[in-house]
Structure formats: C-alpha cells, structure tokens
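> Protein sequence lines, in the order shown, are assigned to chains W and X.
For what it's worth, our numbering labels the leading residue of the first sequence as 1, then goes sequentially.
For what it's worth, our numbering labels the leading residue of the second sequence as 117, then goes sequentially.
These are computed hints drawn from the structure, not numbers from a lab.
Among these hints, one or two may not hold up.
If you anchor each label on the Cβ, the simulated ranges turn out as follows [said to hold, decoys possible]:
no., chain 1, residue 1, chain 2, residue 2, range
1, W, 28, X, 203, 27 to 33 Å
2, X, 193, W, 65, 54 to 60 Å
3, W, 111, X, 261, 47 to 53 Å
4, W, 111, X, 154, 19 to 25 Å
5, W, 25, X, 202, 39 to 45 Å
Taking lysine-lysine and the BS3-like style, the derived pairs with C-alpha atoms no more than 30 Å apart in a straight line are [said to hold, decoys possible]:
no., chain 1, residue 1, chain 2, residue 2
6, X, 304, X, 284
7, X, 191, X, 301
8, X, 301, X, 285
9, W, 31, X, 285
10, W, 2, X, 304
11, W, 34, X, 286
12, W, 34, X, 301
13, X, 286, X, 301
14, X, 191, X, 304
15, W, 2, W, 34
16, X, 286, X, 191
17, X, 301, X, 284
18, W, 34, X, 304
19, X, 304, X, 286
20, X, 286, W, 2
21, X, 301, W, 2
22, X, 285, X, 304
23, W, 31, X, 301
24, W, 31, X, 284
25, X, 191, W, 31
26, W, 31, W, 2
C-beta: ideal position from N, C-alpha, C; glycine also.
Here's the letter readout for the chains.
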Amino acid sequence: MKYMLLIHAGAIDEKGAAAECSVEDWMVYDKEVKEAGIWVSGESLADLVTSTTVRVGPDGRRTVTDGPFAESREVLGGFYVIDVPDLDVALDWAARCPGARGSGSVIVRPIAEFGA
Amino acid sequence: MSTDSPRPSEVQSSVESVFREEHGRLLASLVRRFGDLDLAEEVASEAVEAALVHWPAWGVPARPGAWLLTTARRKAVDRLRRDQAYAARLAILQVEADRADHAPPADSDRGLPDDRLQMFFTCAHPALAAEDRTALTLRCLAGLTTPEVTRAFLVPTATMAQRIVRAKKKIREARIPFRVPGTDKLPKRLPSVLQVIYSVFTEGYAASSGPQLQRLDLAQEAIRLARILRHLMPAEREVAGLLGLMVLIHARHEARTGPNSELVLLDDQDRGRWDHTMIEEGNDLAVPDRRPLLLGQRLHPHPAGNARSLPRRHRRRHHPLRDPQTRAPRRPTRSLPRPDSRPQPQPPHRHPPRRPAPSPRRPHRAPRLSFRRHHNRPNPHRPQDKLTHSAQRNE
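Could you build the full structure based on these sequences and the hints that come with them?
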C-alpha cells in the first residue's frame with residue numbers, strides 16, 4: 001500500500017530550509033528509505049517564493065497569480081511516496097523523517113487505489 | 117438482531133446474551149481470518165440470525181460461541197465465492213498483512229491468546245479520533261449496537277452511525293493494521309487502549325448529561341472490558357491498576373446516590389452498602405501481595421478511606437497504598453490515561469474532613485493535611501458538588 005508523506009516545515013531559516021534539521025539528516029533519511037526498498041518517489045520543493053497559482057474560471061479564462069506565500073505557519077516543503085504494508089509502518093517512517101522534528105510535521109496520506 | 121416471527125423469548129435472550137459475550141471474540145477471529153471489519157460484522161450478524169432460526173428448533177449448542185464462529189466463517193466464504201473481485205482484494209490484503217507480520221521484529225515471546233487483543237489495539241489506534249476509539253471499542257468489543265453506543269454518548273443515532281462508518285473507513289482505507297504492537301511499542305500504545313476503557317467508566321461514574329448522576333451500565337461495561345483486557349494481558353500492571361481503580365470506585369456505587377439519585381458524599385454514605393467483594397478484588401489487584409511497588413505504578417485511590425471497613429488482614433499490613441490515614445484517594449499518576457474532554461471521577465471527599473486527627477496509636481503516620489485540603493475541595497465545575505456542598509453547610 002502506498003502512502004504519501006507530506007513534509008511540512010514549521011520554522012524556516014533564511015535559506016528557506018527547515019530550521020530544525022540539517023542537510024546531512026535528510027541525506028541519511030533518504031538513503032534509509034531507498035535502502036529499505038520502500039521508496040516510490042519523493043521530491044524536495046523549491047522555495048515557496050517561487051510558487052505560482054493557476055485558476056481557470058467558468059469562462060475558460062486563465063488567472064495566474066504569484067504565490068501563495070506562507071500565510072499559515074506551515075509550508076509544504078517536500079514529499080515522499082513509500083510503499084509499505086500498513087499505516088503503522090508508514091507512521092514509523094514518518095516519525096523517522098527529519099521534517100517531523102521540532103516545529104515541523106509530516107502528514108501521512110494513503111494513496112487512493114482504483115480498481116483491484 | 118431479532119427476527120419478525122415469534123420465538124420463545126428465552127432462546128432469544130439466550131442468543132442475545134451469548135452474542136453479547138461472544139461478539140468481541142467472534143468479530144476478532146473473523147477479522148483475523150478475513151482481514152475486513154465490515155465483512156466480519158456482516159457475517160457475525162448473519163450467524164446470529166441463523167442462531168435465532170436454529171436454536172429454538174435444535175436447542176442451544178454446547179459451545180454456542182464455536183457454533184456462531186463456524187456459521188459466520190461459512191457465510192463469509194460463501195460471500196467471497198460470490199464476489200470474486202472482493203475476494204481478490206482481500207487476498208492481497210492478507211498477503212500484505214503477512215508481509216507486515218514479518219517486517220517488524222516479530223513479537224514471539226508474547227503469545228496471542230485471543231484475537232480480541234488485536235481488536236483492542238486497532239479500535240484504540242492513535243490515528244483514530246478519541247471519540248471514535250471509544251465508539252468502536254464499545255461496538256466491536258463490548259458488543260453494543262450502534263443505537264446502544266448512541267445512548268452511551270447521548271448523541272443522535274445518525275451522528276454516531278456516521279462516526280463509526282468514518283472510523284471503519286479509515287481502518288480499511290488507511291490500512292490500520294489488526295495487530296498487537298511489539299514489545300517495544302506496547303508502552304506507547306497501551307495507554308490509548310486504557311484511556312478508552314477509562315473514559316467509558318468516567319461517563320458511568322459521573323454522567324456528563326442525562327438525569328442520572330451515575331450510569332451503571334457504562335461503568336459495568338468498562339469493568340467488563342477491563343476484565344477481558346486483564347485476561348488477555350495478565351502481566352500488564354497498568355491493566356491491573358486500571359481494573360483495580362474501577363472496581364474500587366464502583367464498589368461504592370450503591371451508596372453514592374440517595375433515593376432521588378442525588379450525590380451522597382463519602383462521610384454520609386452507608387458503608388454497609390459498599391460492595392466488599394469488589395473492594396477485596398480491587399485491593400488485590402492494586403497491591404499484589406509480596407511484590408515490591410515501584411514509584412509511578414500507583415494507580416488507584418485508596419478504596420475505603422476507613423481502615424475499619426477493611427478486613428483485619430488488610431488493616432494490619434502496613435503498606436504505602438493502604439494508608440488508612442490518607443483518606444483522600446491518591447490521584448492517579450501520570451501514567452493513567454485521562455479522558456481529556458470528559459469529567460473525571462472526582463475524589464470522593466469534597467468537603468473538609470470531619471474526622472479527628474489520626475489516632476495516637478499510629479504516631480508514625482503524619483496526617484497529610486495539605487494533601488487532603490487540596491483534594492477535599494469541592495469542584496466548582498460540577499453542579500452536583502455545589503448543591504450538595506451548600507446543602508451541607510446549611511445543616
């Protein structure tokens with residue numbers, strides 16, 4: 001069963017990285033996930049100031065806006081998709097993720113399965 | 117659970133009582149076998165329907181639980197034969213569950229005496245909302261129907277049905293496993309199970325709504341659940357402690373209310389109406405003989421408050437937890453699960469103690485006045501306290 005781990009950074013330092021963990025932490029975790037054979041995909045998202053929002057209105061007109069910016073305290077900073085047997089295992093991996101520490105949080109969402 | 121055609125009522129009540137007793141075990145075995153809570157519930161109730169048809173004619177079987185389980189299993193197999201896609205999905209689930217069983221270090225030293233233990237842990241999984249855990253536990257393990265669970269919470273049936281459906285959907289779709297956590301995780305997961313039981317008890321001890329102060333059905337249900345859990349985990353002291361706490365408190369239930377179901381405070385209670393068998397049981401649970409108590413394992417309030425109400429052998433034994441001078445019950449320690457949104461069972465003393473200072477026969481026990489004062493205070497948040505307390509002042 002696949003689960004997406006949505007990594008939310010609470011406090012962000014001036015470089016836009018999560019404040020409570022180092023690059024080395026992430027590299028170690030990434031290695032662990034891949035070596036465990038559960039890694040499906042995963043990316044780290046670029047700085048939030050680079051984001052752009054697109055909406056298409058009922059008339060088909062496209063609206064493009066800069067942002068959104070961090071209005072809430074938590075910013076989606078990256079994700080992993082892992083394939084593990086059940087929620088308990090997924091929660092264990094989420095708990096080991098550096099992004100879960102300090103003011104950060106990891107939201108675990110099962111990937112919907114369509115068909116058999 | 118009942119059929120339309122008239123049945124001998126004793127058979128029906130026998131089926132109901134068997135079902136009540138066996139429901140948790142039946143459901144847990146079915147879930148373990150088929151890995152699906154909905155399927156398990158459906159075939160369990162079909163088995164009960166079959167029992168209502170067959171038992172009046174053939175008599176109640178010698179092992180009614182086994183009869184129900186066999187019947188339910190057959191019905192599940194029938195259903196899976198009819199629905200191949202469903203069966204295929206379940207087969208995948210089963211394979212993955214087996215895979216999961218091998219993934220973490222297997223918990224081989226702790227045998228699985230009964231599938232209900234897995235059910236306790238699934239129903240009280242921290243990924244479920246607290247109120248859903250309680251509702252599911254009452255339904256799956258205590259064998260309450262949704263309307264009965266509704267009555268327990270005093271919410272509309274539709275709300276409760278929705279809540280249960282949502283929780284079951286989460287178990288199924290987020291794949292919350294039916295598994296007893298390994299020894300390494302058990303200390304973190306057990307409190308959640310105990311909290312469910314304790315919050316049911318708390319509602320029974322001091323109902324948050326409704327005309328009655330106590331709701332004995334809920335208190336008894338909590339004790340019944342704790343007894344099952346104790347049977348399943350006899351070595352867990354937290355379980356023994358919780359059961360001890362509940363039976364000691366429940367031992368006073370008859371004396372706790374007057375004829376108009378008003379609160380009777382401890383000093384005014386007719387102690388003859390206390391259940392001494394329960395007090396005995398609670399004492400033995402709380403303080404197993406000859407076993408050293410470690411700090412942090414004190415889970416229960418002092419049961420009786422009065423040394424004279426205890427049998428002689430208890431009076432003689434000097435023990436920190438059976439301190440007859442400390443009449444206010446000790447607050448449960450941090451390790452005890454606390455329902456966060458429900459009223460707590462209050463210490464039974466809610467006004468300043470009337471009794472004289474401890475007798476000089478026990479000079480070594482200094483009265484713990486500050487402790488008592490602190491705990492004897494009425495709780496201004498409980499209307500019944502206010503009433504009774506002011507009524508007593510007027511006397």
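> Against this structure, judge whether each hint is valid.
Right, here's what the structure says about each hint:
no.	hint	result
1	W/28 to X/203: 27 to 33 Å	violated (42 Å)
2	X/193 to W/65: 54 to 60 Å	holds (57 Å)
3	W/111 to X/261: 47 to 53 Å	violated (34 Å)
4	W/111 to X/154: 19 to 25 Å	holds (21 Å)
5	W/25 to X/202: 39 to 45 Å	holds (43 Å)
6	X/304 to X/284	holds (22 Å)
7	X/191 to X/301	violated (36 Å)
8	X/301 to X/285	holds (24 Å)
9	W/31 to X/285	violated (33 Å)
10	W/2 to X/304	holds (25 Å)
11	W/34 to X/286	holds (27 Å)
12	W/34 to X/301	holds (24 Å)
13	X/286 to X/301	holds (21 Å)
14	X/191 to X/304	violated (37 Å)
15	W/2 to W/34	holds (15 Å)
16	X/286 to X/191	holds (25 Å)
17	X/301 to X/284	holds (23 Å)
18	W/34 to X/304	holds (28 Å)
19	X/304 to X/286	holds (21 Å)
20	X/286 to W/2	holds (15 Å)
21	X/301 to W/2	holds (23 Å)
22	X/285 to X/304	holds (24 Å)
23	W/31 to X/301	holds (24 Å)
24	W/31 to X/284	violated (35 Å)
25	X/191 to W/31	violated (47 Å)
26	W/31 to W/2	holds (19 Å)
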